[in-house]
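Use the sequences and the hints to build the structure in full.
Residues 2 to 410 (the working numbering) make up the sequence shown, in order.
Calculated from the structure, these hints are not laboratory results. There could be a bad hint or two in this list.
Pairwise CB distance ranges, derived in the manner of DEER restraints [said to hold, decoys possible]: (1) R355 <-> D204: 37 to 45 Å; (2) N48 <-> E83: 55 to 63 Å; (3) E153 <-> V206: 20 to 28 Å; (4) E150 <-> R175: 35 to 43 Å; (5) G221 <-> V393: 54 to 62 Å.
Glycine included, each C-beta is placed from N, C-alpha and C at the ideal position.
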Amino acid sequence: MSSWSIPTALSGCLAALLLAAPTAAQVTDTTVHDVGTISGRVLDAGNRRPISEVVIRVDGSDVETLSDTNGMFMLAGVPAGEQRLVLEHLSYGEHARRVLVNAGEGLTLEARISTRAIELAPLLVETLSELDRRRITSGAQINEVTRPEIDEAHRTGRSLADVLRERIPGASVRPGRLGGACVEYRGARAGGGACRELTVFVDGVRIADPGLFYTTVPPGDIERMEILSVAEAGARYGSVSGNGVLLIETRRPPQRNRADRETTMNSGFDWTGEARPYAWKRVFATSFAANAIGVGLSLALADQCLWRTEGGSLGLRTRCGGAATTGIGFLSMALPTIGGSFAAQWGGATDLSRGRITPTSLTASLGVASGYMLLIHGTGTSELLGGVILGVGVPVLTTIADRIFRSRH
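Here it is, written out as structure tokens:
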């Protein structure tokens, strides 16, 4: 953006040259009647600092100069009359304004210019894939089967071998081993001899039994197929490609971002969408209370039928029948496990997530079983450790499992 002002022009015009009125600095040359001079200084419109290396030129002529470190410039031999004065700078862009130059006179002016964005024409870069480059430079037709052709074969129930025979000139299909198919190419077959099948690479990996592959893989899984001649295949794959090569590209599903996979492994629920973090304390407290009630009820029921032998090494004895003993054993495991899991699910409830009872209960049951084993068979420190696991360890495991396996509503 720029603005200009000269003695003969109205103030407030567009572009930024402020022209001082001719003063004593004006020069009168009695010997020259068709040229004049323009001198002045170029300043930044914002901070009024001088700008160097500004190209000042008269449009349509060879008259031009550069401003010095103080922003000063001088143009001599400017044709008389109305001229288009142009100022150019890499950072400030281009500014222009018409001025009137009188013959034999000098014009002193001050130019104030401001920066403007430099516009560049868009540059279009086109790149070719390896396949496109080969299509352009090979000089021969590429023997390929594209996805639309494979989709058509898939709809009509044809096999890959049928597609190759129908779509690629020179490809032939013979019965192969174990009910498979043998695909040959362009004269590789010698009379009625054994099948000289193509070497097959699927996504860069060589297939050991191509005949079985042709008949078992659905065409819908294939993106593209291409047969390389013996000469081209030999140059790329060496001695393994003596009968030609068949390249097959499969359709790959979209790959999830690695960070997304890691997040899923660490938690079944993305907590970044929650307004508050996971309520560890509340979940542990509710699980602890429910677990304590479950363990208390279990021990009270077990006391009706079971007692522990002296020393603990011989385990338990029962005074009830088999069915009652089995039921008490089941309840002893289920009450603290399921009670603590449901309590954790309730305590950790959010607007977006829900707890998963099955994985949480399975995790808690490991702690319950370990605690009971130490409590029944242990003595002294081991027995005490069993009680700690039942009372505190199980709620801790339940809380951690609820956090890890929580999922979205």
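CB-CB spacing for D204 and R355 relative to the 37 to 45 Å hint:
40 Å, holds
At the C-beta level, are N48 and E83 separated by a distance inside 55 to 63 Å?
Since N48 and E83 have Cβ atoms about 32 Å apart, the given range 55 to 63 Å is violated.
Honestly, do E153 and V206 meet the 20 to 28 Å range at C-beta? 26 Å, holds
Outcome for the supplied range 54 to 62 Å, where the beta carbon pair is G221 and V393: Holds, at about 55 Å.
(request) Hint says 35 to 43 Å; check whether the CB-CB distance for E150 and R175 agrees. (result) Distance hint for E150, R175 is violated at roughly 22 Å.
The structure does not agree with the numbered hints 2 and 4 stated previously, though it agrees with the rest.
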